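> For the sequence shown, the positions run 2 to 281 when the working numbering is used.
Calculated from the structure, these hints are not laboratory results.
Source: prediction; values computed, not measured.
Not one of these hints is a red herring.
Across the chosen pairs, the derived CB separations fall in these ranges:
no.	residue 1	residue 2	range
1	R33	A269	41 to 49 angstroms
2	G188	F5	24 to 32 angstroms
3	G54	R33	22 to 30 angstroms
4	P20	G91	29 to 37 angstroms
Here a beta-carbon is modelled for each residue, glycine too, at the ideal position from N, C-alpha and C.
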Amino acid sequence: MSAFSRTPLPGFGTALLPPADASPARFREAVRGLAAIVHCAAQNNDGPSDAQGLESSNAALTERLAVAAAEEGVARFVYMSSIRAVADPGIDIAIGDDTVPAPTQPYGRSKRNGELAVLAAARPGFLPLVLRLPPVYGAGMRGNLGLLLRLARTPAPLPLAGLGARRSLVSAEAAARAVATLLTIPGPARSTYLAADPGPVTLPEIVTAFRRGLGRRAGLFSVPDTLLKAGAALARRGDVWAGLVASQTCDSSSLIAEGWAPDPDSLAGLERLAARSGRA
Numbered sequence: 002m003s004a005f006s007r008t009p010l011p012g013f014g015t016a017l018l019p020p021a022d023a024s025p026a027r028f029r030e031a032v033r034g035l036a037a038i039v040h041c042a043a044q045n046n047d048g049p050s051d052a053q054g055l056e057s058s059n060a061a062l063t064e065r066l067a068v069a070a071a072e073e074g075v076a077r078f079v080y081m082s083s084i085r086a087v088a089d090p091g092i093d094i095a096i097g098d099d100t101v102p103a104p105t106q107p108y109g110r111s112k113r114n115g116e117l118a119v120l121a122a123a124r125p126g127f128l129p130l131v132l133r134l135p136p137v138y139g140a141g142m143r144g145n146l147g148l149l150l151r152l153a154r155t156p157a158p159l160p161l162a163g164l165g166a167r168r169s170l171v172s173a174e175a176a177a178r179a180v181a182t183l184l185t186i187p188g189p190a191r192s193t194y195l196a197a198d199p200g201p202v203t204l205p206e207i208v209t210a211f212r213r214g215l216g217r218r219a220g221l222f223s224v225p226d227t228l229l230k231a232g233a234a235l236a237r238r239g240d241v242w243a244g245l246v247a248s249q250t251c252d253s254s255s256l257i258a259e260g261w262a263p264d265p266d267s268l269a270g271l272e273r274l275a276a277r278s279g280r281a
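With the hints as constraints, model all of the structure from the sequences given.
As structure tokens, then:
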């Protein structure tokens, strides 16, 4: 087994992945002898990024790697994608197998272009598969879930009780099982799958689960949404606000039909995660 990364990871035994503008020969050398590839070396949207950099990391690099894998006889290629390839954070949507992708933001467009590049590389003997994930919770998580855990660690009451939008989540462990499923099933019925815990949850439920794991009371109260929205705008975090108040759910029935087992309870998983982080 070989592990590659876009950036050096001391102590993890990883080799550097060729950059998007490397020669085809370097990509073919990197994947030579592999039976399968799981590609999750994307640039995410947790920090500053520009459209050109996202496109290079998430689309061009993915295309070069998939083409090299097909040419070198790799049998299967699993591309770790995101529901951002389907919909922007602030859109209310129930995402299923047949939802038409319509991303407008740079990160989502780059992930969608990566999906298209992988699927276009399909040929006899080379099977590319796309796995779309909602926000993933686990050790070291960032993004909105990481922000909510940091807020849950504070002693202050939080004005979040009135936010009722529901969103799907998936644990890192369940996401890993989804990858294992796609690597081992003999004949996938589809080329694109969704993986999510079965019960969408609300933002107040998430914070309550975190604080329960930390041994604290929920400490939530309600204020008018307009005040929260105005506060986010003043803090120049309107994008974060939009992502927190939109309902986005995922239907994983196709992957479950392939034998994948999701974690049954997002809130129990979040509580355990917070408890472990509190002991760290």
